[in-house]
Amino acid sequence: MFNFSLKQLSGLLSAKKISSIELTGEFLKRLKTLNPGYNAFITINEETSLVQARAADAMIAAGQAHPLTGIPVAQKDIFCTKGWRTTCGSKMLSNFISPYDADVVERFNTVGAVNIGKTNMDEFAMGSSNETSFYGPVKNPWDITAVPGGSSGGSACAVAARMTPAATGTDTGGSIRQPAALCGISGIKPTYGLVSRYGMIAFASSLDQGGPMAKSAEDLALMLNVMAGFDVRDSTSLQREPEDYTRDLEKPLAGLRIGLPKEYFVKEINDDVARAVEAAIAEYRKLGATTVEVSLPATKLSVPVYYVLAPAEASSNLSRFDGVRYGYRAPDYIDLSDMYRKTRAQGFGAEVKRRILIGTYVLSHGYYDAYYIQAQKLRRLIAQDFIEAFKQCDIIMGPTSPTVAFDLGEKSSDPVQMYLSDAYTIAVNLAGLPGMSIPVGFGNKNRPVGLHLIGNYFAEAQMLNVAHQYQEATDWHVRMPVQLQT
Amino acid sequence: MQWEIVIGLEVHTQLSTQSKIFSGGSTAFGAVPNTQACAVDLALPGVLPVLNRGAVERAIKLGLAVGGKINSPSVFARKNYFYPDLPKGYQISQYELPVIDGGSVKIQVGHDGTECEKTIRLTRAHLEEDAGKSLHDDFHGMTGIDLNRAGTPLLEIVSEPDMRSSAEAVAYAKTLHSLVRWIGICDGNMQEGSFRCDANVSVRPFGSDKLGTRCEIKNLNSFRFLEKAINYEARRQIEIIEDGGTIQQQTRLYDSERDETRAMRSKEDAQDYRYFPDPDLLPLEISLQWVAKIKAAMPELPMHRRYRFMAADAAGLAALLQEHSSVAFEAGLDVPVGRDFYQLSAYDAAMLTADKDTADYFEQVMEVIGGKNAKLCANWVMGEVTSRLNRDDKDITASPVSAGQLAGLLLHINNGTISGKIAKEVFDAMWLGEYGGDAETIIKTKGLKQISDEGQIEKLVDEILSANPQQVADYRNGKEKAFNSLIGQVMKVSKGKANPAQVNEILKKKLME
Numbered sequence: 000m001f002n003f004s005l006k007q008l009s010g011l012l013s014a015k016k017i018s019s020i021e022l023t024g025e026f027l028k029r030l031k032t033l034n035p036g037y038n039a040f041i042t043i044n045e046e047t048s049l050v051q052a053r054a055a056d057a058m059i060a061a062g063q064a065h066p067l068t069g070i071p072v073a074q075k076d077i078f079c080t081k082g083w084r085t086t087c088g089s090k091m092l093s094n095f096i097s098p099y100d101a102d103v104v105e106r107f108n109t110v111g112a113v114n115i116g117k118t119n120m121d122e123f124a125m126g127s128s129n130e131t132s133f134y135g136p137v138k139n140p141w142d143i144t145a146v147p148g149g150s151s152g153g154s155a156c157a158v159a160a161r162m163t164p165a166a167t168g169t170d171t172g173g174s175i176r177q178p179a180a181l182c183g184i185s186g187i188k189p190t191y192g193l194v195s196r197y198g199m200i201a202f203a204s205s206l207d208q209g210g211p212m213a214k215s216a217e218d219l220a221l222m223l224n225v226m227a228g229f230d231v232r233d234s235t236s237l238q239r240e241p242e243d244y245t246r247d248l249e250k251p252l253a254g255l256r257i258g259l260p261k262e263y264f265v266k267e268i269n270d271d272v273a274r275a276v277e278a279a280i281a282e283y284r285k286l287g288a289t290t291v292e293v294s295l296p297a298t299k300l301s302v303p304v305y306y307v308l309a310p311a312e313a314s315s316n317l318s319r320f321d322g323v324r325y326g327y328r329a330p331d332y333i334d335l336s337d338m339y340r341k342t343r344a345q346g347f348g349a350e351v352k353r354r355i356l357i358g359t360y361v362l363s364h365g366y367y368d369a370y371y372i373q374a375q376k377l378r379r380l381i382a383q384d385f386i387e388a389f390k391q392c393d394i395i396m397g398p399t400s401p402t403v404a405f406d407l408g409e410k411s412s413d414p415v416q417m418y419l420s421d422a423y424t425i426a427v428n429l430a431g432l433p434g435m436s437i438p439v440g441f442g443n444k445n446r447p448v449g450l451h452l453i454g455n456y457f458a459e460a461q462m463l464n465v466a467h468q469y470q471e472a473t474d475w476h477v478r479m480p481v482q483l484q485t
Numbered sequence: 000m001q002w003e004i005v006i007g008l009e010v011h012t013q014l015s016t017q018s019k020i021f022s023g024g025s026t027a028f029g030a031v032p033n034t035q036a037c038a039v040d041l042a043l044p045g046v047l048p049v050l051n052r053g054a055v056e057r058a059i060k061l062g063l064a065v066g067g068k069i070n071s072p073s074v075f076a077r078k079n080y081f082y083p084d085l086p087k088g089y090q091i092s093q094y095e096l097p098v099i100d101g102g103s104v105k106i107q108v109g110h111d112g113t114e115c116e117k118t119i120r121l122t123r124a125h126l127e128e129d130a131g132k133s134l135h136d137d138f139h140g141m142t143g144i145d146l147n148r149a150g151t152p153l154l155e156i157v158s159e160p161d162m163r164s165s166a167e168a169v170a171y172a173k174t175l176h177s178l179v180r181w182i183g184i185c186d187g188n189m190q191e192g193s194f195r196c197d198a199n200v201s202v203r204p205f206g207s208d209k210l211g212t213r214c215e216i217k218n219l220n221s222f223r224f225l226e227k228a229i230n231y232e233a234r235r236q237i238e239i240i241e242d243g244g245t246i247q248q249q250t251r252l253y254d255s256e257r258d259e260t261r262a263m264r265s266k267e268d269a270q271d272y273r274y275f276p277d278p279d280l281l282p283l284e285i286s287l288q289w290v291a292k293i294k295a296a297m298p299e300l301p302m303h304r305r306y307r308f309m310a311a312d313a314a315g316l317a318a319l320l321q322e323h324s325s326v327a328f329e330a331g332l333d334v335p336v337g338r339d340f341y342q343l344s345a346y347d348a349a350m351l352t353a354d355k356d357t358a359d360y361f362e363q364v365m366e367v368i369g370g371k372n373a374k375l376c377a378n379w380v381m382g383e384v385t386s387r388l389n390r391d392d393k394d395i396t397a398s399p400v401s402a403g404q405l406a407g408l409l410l411h412i413n414n415g416t417i418s419g420k421i422a423k424e425v426f427d428a429m430w431l432g433e434y435g436g437d438a439e440t441i442i443k444t445k446g447l448k449q450i451s452d453e454g455q456i457e458k459l460v461d462e463i464l465s466a467n468p469q470q471v472a473d474y475r476n477g478k479e480k481a482f483n484s485l486i487g488q489v490m491k492v493s494k495g496k497a498n499p500a501q502v503n504e505i506l507k508k509k510l511m512e
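Line by line, the protein sequences are chains A and B.
Numbering (numbering that gives the first Met the number 0) for the first sequence: 0 to 485.
Numbering (numbering that gives the first Met the number 0) for the second sequence: 0 to 512.
Read the hints as simulated data drawn from the structure, not as lab findings.
By construction, the Cβ of each residue, glycine as well, lies at the ideal position given by its N, Cα and C atoms.
Fair warning: there could be bad hints in the mix.
From the structure, some residues in chain B lie toward chain A, with a derived Cβ separation under 7 Å [unchecked claim]:
no., residue
1, Ala-42
2, Gly-45
3, Arg-77
4, Pro-83
5, Asp-279
6, Pro-282
7, Ala-349
8, Gly-382
9, Met-511
Here are the simulated lysine to aspartate or glutamate pairs, DMTMM-like style, with alpha carbons at most 25 Å apart [said to hold, decoys possible]:
no., chain 1, residue 1, chain 2, residue 2
10, B, Lys-117, B, Asp-84
11, A, Lys-376, B, Glu-284
12, A, Lys-341, B, Glu-159
13, B, Lys-78, A, Asp-368
14, A, Lys-341, B, Asp-145
15, B, Lys-374, B, Asp-145
16, B, Lys-266, A, Asp-334
17, A, Lys-90, B, Glu-299
18, B, Lys-173, B, Glu-366
19, B, Lys-132, A, Asp-368
20, A, Lys-261, A, Glu-242
21, B, Lys-494, B, Asp-452
22, A, Lys-352, B, Asp-84
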């Protein structure tokens with residue numbers, strides 16, 4: 000049952016073969032057994048989850064069930080959840096009980112999904128390995144000496160270890176796709192503005208986007224049906240007709256034009272990753288797709304552009320964590336500036352401080368034009384590249400990450416190496432495009448490899464179709480670590 | 000040496016919206032601390048700003064009223080600094096692209112025959128949010144934070160350094176104060192901080208065209224403090240320069256109790272606010288249709304109304320507008336214009352249109368009395384009504400004598416039922432609310448009707464003449480003074496009711512006999 004798809008679970012629930020109380024109870028039991036070894040969850044709240052499950056059972060009994068009613072979903076601890084501790088992976092919010100629900104959380108509540116717990120993450124979503132979490136690193140279920148990726152490492156691990164059928168994540172520079180790839184699951188970052196950012200604790204506002212993480216494209220489509228939609232409380236939320244993201248899943252792929260950026264298949268990519276990605280593309284050709292080489296020349300600028308813009312926004316977004324109104328405050332201080340200094344010195348971890356410093360620097364008088372303005376101009380060029388490429392192809396593919404999961408501690412002392420591991424995913428956020436990762440095999444040390452799919456704006460349904468067809472033909476997405484097969 | 004004072008003002012007007020500029024929190028003043036701060040105002044993790052349309056609409060109104068350029072798009076930027084009453088650690092304001100650029104305001108300067116008009120150019124006006132308040136008393140060494148005010152919409156209106164005296168600065172501030180209330184974008188309540196001025200003051204040798212180093216005096220919340228602070232500051236700067244010193248660019252605070260300004264911070268410790276466009280808010284687009292809709296609903300502007308009060312007809316108004324080339328005229332603002340003309344003096348027209356409520360009151364009275372004798376009506380509104388309102392510290396909208404009631408009184412003056420003197424007595428009774436404040440009833444009940452019956456007045460005159468043979472003789476011997484005394488006595492026995500003109504005439508006639 001832990002390996003069941005959302006559709007299968009939903010079928011069991013609506014056929015009353017199992018109740019949500021039972022289903023939630025089973026997952027909670029598994030979660031409580033496994034979590035100490037993986038550290039995927041920061042907070043669980045069994046009683047509250049079971050209350051929600053009971054309410055879901057009532058909804059089902061009353062014939063008001065939605066496809067996700069009664070199904071456990073884990074929430075990344077970046078989403079404010081009423082009555083739940085919401086930490087964002089930081090000591091700064093270690094005592095913060097949110098008085099309100101994020102739009103995403105509200106949407107899951109409305110359809111009667113069950114919140115099974117809050118997942119671990121890099122502190123304020125800043126990291127690619129989940130090692131910056133104040134609550135300790137998350138372990139990769141395929142190899143506990145490896146990182147799960149980040150920042151949504153807890154969600155990726157929880158789905159990969161089948162502690163939850165599905166989870167939410169957020170993606171600022173790859174934080175859904177990279178951990179999905181490293182943990183062998185599927186994840187999609189929608190077009191910027193599709194999922195409301197209200198109640199999603201901001202890292203870099205112009206790049207942050209919430210999205211689902213699950214075992215398969217089909218599950219992602221069902222999750223996205225709940226998460227996407229206009230929200231008046233988010234001025235960057237897009238006002239569009241609601242879509243059914245499952246609508247194109249079964250479309251055949253004959254005639255699909257896959258763009259392969261020549262800049263993606265270069266020496267930085269490890270052989271094991273390249274092999275798996277090429278095999279996946281070969282599979283697509285078998286499914287009727289054609290490939291065309293495209294070029295994204297400005298993509299090489301993505302990492303430097305990102306590490307100007309994201310820290311700039313973050314330095315301002317994180318100013319509210321000042322110890323005045325909520326969250327952590329240093330116990331001893333002599334005056335106001337001492338309180339600020341100590342609170343922020345003690346409440347934030349090293350990576351967060353590093354990015355606040357970078358961001359403060361690039362916004363400073365005399366540097367703003369040279370860094371921030373320049374980066375904004377390059378950002379437009381990067382987006383322009385994609386627009387040009389999509390004139391030649393329907394979807395772009397490449398590796399999600401240049402390597403498989405690296406070892407815990409391997410890159411944590413070398414931030415630049417860590418930043419480069421997101422080289423492929425970052426450009427997508429800068430362009431505001433939808434991006435996705437699906438498992439396509441294994442590389443070194445039998446660690447998973449992810450295929451990166453980049454779609455045009457609002458092409459989510461098409462991307463899910465492309466991923467689903469592959470998953471119909473292969474079984475990488477249903478594999479799970481041997482030690483977890485119970 | 001002769002010194003010239005150069006002043007520019009930055010005025011923060013609190014916009015009269017029900018809710019805050021980026022949240023649904025209430026803007027009502029005086030609530031229990033922190034009861035009007037919602038999740039967005041408190042800057043809880045994850046919350047986002049959503050722009051209040053009403054605040055933008057008010058900014059557009061100001062732009063139209065001053066003939067400024069309404070920018071589309073304009074951009075909201077974050078001004079980053081740490082302070083406990085600034086919940087997000089940044090203020091959302093506008094920096095490089097404000098909602099309004101340029102425009103101007105005309106003020107009346109000089110007095111006693113030297114009155115003239117002066118144009119004060121505006122640099123810009125931008126939308127921003129207010130901060131909360133830090134309360135330092137009553138917390139035993141700690142600071143209390145009240146975030147009720149956090150997120151209140153402000154329109155900061157920045158002038159060019161076009162003023163040359165504290166009197167001009169006050170005239171500008173008053174004109175702007177009247178304008179923002181007139182167009183209904185700000186309640187103008189200075190005690191509650193709805194209208195706050197910062198003054199940039201510098202001095203230079205008369206005739207120089209180079210600006211001196213300026214000091215900014217913060218948070219002047221009354222016209223009197225504005226005037227005194229500028230006077231003090233100019234004196235201070237002149238003394239420093241005359242003593243061979245130089246002015247340091249500073250931000251200063253005015254201490255009203257000691258009537259002096261004090262340094263708050265100097266340019267060296269000026270903060271780097273690290274402005275950048277707020278990624279949570281899209282650039283603000285203002286469509287021409289929206290502007291047109293707001294334009295159509297604008298009230299007649301003060302300038303228009305003033306010249307209409309002076310003009311005899313539409314052609315006269317057009318000529319006056321052209322002559323003074325008012326901002327609204329230049330902008331081709333086709334706001335609705337009232338139809339009535341009063342031919343008042345420039346002074347009367349300016350006084351009556353100093354605020355919209357007074358102008359409305361005047362026109363309501365004129366409407367009831369059929370548009371006749373505007374000068375009399377103007378005198379009453381500016382004289383009796385205004386002085387009593389000032390005495391009782393009341394607003395004209397709360398006047399105990401309504402426009403309709405005053406009209407009732409003026410009708411009796413116009414048709415000669417009562418004299419001007421008696422009218423004041425009647426007005427006193429009306430002010431106190433006697434007989435429901437109805438002039439007619441008061442005149443009847445108190446028997447104050449003017450005696451205009453010739454026979455009756457002749458009788459009174461005869462009485463006085465026969466009782467005062469000596470004064471009659473004096474008058475006939477050329478002592479003019481005696482005449483006034485006789486008139487006074489006739490008026491006295493009539494209890495002031497005799498028609499003074501008739502008394503004058505009849506007395507003269509009798510004395511000639």
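Against the structure, the hints come out as follows:
no.: 1; hint: Ala-42; verdict: holds, 4 Å
no.: 2; hint: Gly-45; verdict: holds, 4 Å
no.: 3; hint: Arg-77; verdict: holds, 5 Å
no.: 4; hint: Pro-83; verdict: holds, 5 Å
no.: 5; hint: Asp-279; verdict: holds, 5 Å
no.: 6; hint: Pro-282; verdict: violated, 11 Å
no.: 7; hint: Ala-349; verdict: violated, 44 Å
no.: 8; hint: Gly-382; verdict: violated, 53 Å
no.: 9; hint: Met-511; verdict: violated, 88 Å
no.: 10; hint: Lys-117/B / Asp-84/B; verdict: violated, 39 Å
no.: 11; hint: Lys-376/A / Glu-284/B; verdict: holds, 21 Å
no.: 12; hint: Lys-341/A / Glu-159/B; verdict: violated, 43 Å
no.: 13; hint: Lys-78/B / Asp-368/A; verdict: holds, 16 Å
no.: 14; hint: Lys-341/A / Asp-145/B; verdict: holds, 23 Å
no.: 15; hint: Lys-374/B / Asp-145/B; verdict: violated, 51 Å
no.: 16; hint: Lys-266/B / Asp-334/A; verdict: holds, 24 Å
no.: 17; hint: Lys-90/A / Glu-299/B; verdict: violated, 58 Å
no.: 18; hint: Lys-173/B / Glu-366/B; verdict: violated, 28 Å
no.: 19; hint: Lys-132/B / Asp-368/A; verdict: violated, 34 Å
no.: 20; hint: Lys-261/A / Glu-242/A; verdict: violated, 33 Å
no.: 21; hint: Lys-494/B / Asp-452/B; verdict: holds, 15 Å
no.: 22; hint: Lys-352/A / Asp-84/B; verdict: holds, 23 Å
Hint compliance for this structure: hints 6, 7, 8, 9, 10, 12, 15, 17, 18, 19, 20 are broken, all remaining hints hold.
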